[in-house]
Amino acid sequence: MADISQIQNGESLTLRQQIALTAKLSVPAIIAQLSTIMMQYIDASMVGHLGADASASVGLMNSSLWMFWGVCSTITMGFSVQVAHRLGARDTGGARAVLRQGIVACAMAGLFMALLGVAIAWQLPVWLGGSSEICHGASVYFATFVAALPILIMNYLAGGMLRCAGNMKIPGLFNVGMCLLDVIFNFFLIFPTRDLNVFGIEMTMPGVGLGILGAALGTVAAECVCAAAMMYWVCRRQHDLSLRGKEAVKSYRPTRLVLKRAAKIAVPMTVEHIVFCGAQITVTIIVAPLGVVAIAANAFAVTAESLCYMPGFGIGEAATTLCGQAYGAGRYDLVRRFAHLTTLLGMAVMTVMAVAMYVCADLMMGIMTPVESIRALGTEVLRIEAWAEPMYAASIVAYGAFVGVGDTMLPATMNFGSIWLVRIPLAAILAPTCGLRGVWIAMCAELAFRGLIFLGRMRWGHWLKPGRTSEVPSDVIDV
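If you count the sequence shown from 1, position 78 lands on 78 in our numbering, and the numbers rise without skipping.
The hints are simulated quantities; they were obtained by calculation from the structure and are not laboratory data. The beta carbon of each residue, even a glycine, is placed where N, CA and C say it ideally should be. Heads up, some of the hints might be wrong.
Cross-link-like lysine-lysine pairs, in silico, PhoX-like; alpha carbons within 25 Å at most [stated by the list, open to error]: (1) Lys169 <-> Lys24; (2) Lys250 <-> Lys260; (3) Lys264 <-> Lys465; (4) Lys260 <-> Lys465.
Each pair of labels, with its calculated beta carbon distance range [to be verified]: (5) Ser251 <-> Tyr358: 52 to 58 Å; (6) Arg237 <-> His49: 38 to 44 Å; (7) Thr413 <-> Ala356: 28 to 34 Å; (8) Ala228 <-> Ala263: 23 to 29 Å; (9) Ala23 <-> Thr433: 42 to 48 Å.
Could you build all of it, start to finish, from the sequences and the hints given here?
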């Protein structure tokens, strides 16, 4: 039975064991990603039943929310990748020191992001070109989410630490639980008290009737419960990271060495994400003049497409863990083999998902909205996007492998360079004549191009450079 400790112990791994270990880490990560997307799918479906204006309010803010969430996630990666390297080198003391410092640094970063988000929440929909009837709801939705970032960033940190320690099951289980809680909270918070017929039985279901605000509060409450549970598991139950006894009372003050290494990993990813989401916001601005139907169809199609590409992100997380631990153990030949295996697996899985999305596009859109015009347009653009999914998988998983070895600068440049030099110009050219279809044709072309350049870098690039991991003992990074 393949186990991640074999990497740390320097044991040889046959091809079958490498495949088994890749699958062992990938499957729980895929389930975790799918549960997260199902939560967004449920939110979109429930809000969709409030009407086109409510759907457009949420859709207008999605790209901006992704920017804030993504920045918080990339900040945590600066610490979790260091933990993967430390554990790969069998330095559990150093890994715990990085965890303690990461908790404080990430909490401060989350607070800063929350204050910034709340400060701009009431003007942001106007800047994005939203019409007057959707701006208020959009601001309320955005402000509710960003206010909870100090807690939500702990969710990202805990999940990242567990995954980089090779524990994919617990984040997956908690994400499934979060999805179920989200359904329950949203059911009561979004809709007012109403009469329902369930299996022929008439019943009155209580509800608060908060609409868009209820959708945001329900998701935030579910994520906060998950964050608390996962952080408890990391600090008390994960044997190679647990902060119990003497470990719990050691210093949590971030040291210059850990912060410097975190910045070296996270800053390129953060800048890339900001620029990348800036491009998505630009796409939103391009779509906004096309009308409420186009805004809502674009938002719902993006959510529906997530069911297709999120398995790729799950496999990318497995690639980060496997390549990071192998790199920390100094097993560079194994790093390259894991990078190739995970990338091929990601492309295979997302090809199957793309076929399913193409066939089921109308059903997927129909679940989220009863408005026929939104459903028809969303179905059409989903089928355009299905052609790009295999190459999109290549870029996602290869990027995860590069992150695992601490190589983030050039891949980040490739990501945002591709979207700004290919997608945005094409979308701006095609949108006036082809409408939302033109925007998604541009997206399809750009994702195919991005996959090609990532595959080229994996095959011919100098991304695997010895010497990025630390030889500094744990007592130097701990204070």
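Hint by hint, here is what the structure shows:
1. Lys169 <-> Lys24: holds, 9 Å
2. Lys250 <-> Lys260: Judged against 25 Å, a Cα distance of about 20 Å means the pair holds.
3. Lys264 <-> Lys465: The hint holds at about 15 Å.
4. Lys260 <-> Lys465: holds, 19 Å
5. Ser251 <-> Tyr358: 52 to 58 Å: holds, 54 Å
6. Arg237 <-> His49: 38 to 44 Å: About 40 Å separates the Cβ atoms of Arg237 and His49, which means 38 to 44 Å holds.
7. Thr413 <-> Ala356: 28 to 34 Å: 33 Å Cβ-Cβ, so the 28 to 34 Å window holds.
8. Ala228 <-> Ala263: 23 to 29 Å: holds, 28 Å
9. Ala23 <-> Thr433: 42 to 48 Å: holds, 46 Å
Violation of the numbered hints given earlier is absent; every hint is satisfied by the structure.
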